[in-house]
Structure formats: structure tokens, C-alpha cells
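Trainee: Assemble the whole structure, with the sequences as input and the hints as a guide.
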Amino acid sequence: PDSFNSGVLVVSPSPRIFRHLLDEAAHVKSYDGSDQGFLNTVFSRWWSLSAAHRLPFKYNVPQTLPMYFRPAWDSLQRDGLAILHFAGDDSMKPWSFSGVVP
47 PDSFNSGVLV VSPSPRIFRH LLDEAAHVKS YDGSDQGFLN TVFSRWWSLS AAHRLPFKYN
107 VPQTLPMYFR PAWDSLQRDG LAILHFAGDD SMKPWSFSGV VP
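Throughout, this note's numbering is defined as the position within the sequence shown, counted from one, plus 46.
Calculated from the structure, these hints are not laboratory results. Only true hints are included.
Listed next, with one range per pair, are the computed distances between beta-carbon atoms:
1) Leu68 x Arg116: 40 to 46 Å
2) Ile63 x Asp120: 37 to 43 Å
3) Ser94 x Phe64: 18 to 24 Å
Ideal Cβ positions, reconstructed from N, Cα and C, are used throughout, including at glycine.
Mentor: This is the structure we're talking about:
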């Protein structure tokens with residue numbers, strides 16, 4: 047894993063981490079111009095932390111999942127999907143998405 051998706055993110059930083067984020071914001075450039083690039087740069091070793099620090103997949107399911115990995119989509123339909131994430135450019139957002147999500 048090289049980066050995490052910040053489309054759905056729950057953050058409750060300690061005062062120390064909050065100060066660190068503010069300090070880093072003064073000089074760290076986001077590789078993609080977004081919060082996601084900034085956070086992945088600052089927390090580059092996120093994957094080494096316990097999985098308890100990550101939301102389960104059902105809380106950040108990409109809208110394209112049924113088109114690319116139907117078994118996972120079917121499993122989420124059965125077990126519970128919490129958040130469908132419309133990632134991508136504006137053409138992929140709910141207000142302009144022209145595809146079909148079953």
C-alpha cells in the first residue's frame with residue numbers, strides 16, 4: 047500500500063498531532079494538490095499502524111466496484127454497505143454520473 051484515500055476520513059488528532067499538521071502545512075506540498083496528497087505525505091507510514099486505525103472497506107466503497115469486482119459488490123449488498131464513494135472528476139459525481147450502479 048502506498049497511499050490511502052481521504053474521501054471518507056474520520057479524524058480526531060491529539061493536540062500534538064494537530065500542531066504537527068499545522069507545522070507541516072507551512073512547507074509540505076501535496077503531490078496532487080489536495081488534502082489526500084498532503085495527508086499521505088505527512089503520514090507516509092500509515093500502513094504500519096494497526097488496522098484498528100482504518101475504517102472498514104464498507105465505509106468507503108467506490109461507485110465503480112460493481113463494474114470491476116462484482117463478487118465484492120455482491121458481498122457488500124448482503125453484509126451491508128455504509129458509504130458509496132463517488133470518487134473521480136466531476137463526471138463521476140452523483141449530480142452528473144451517467145453510469146449505472148445496480
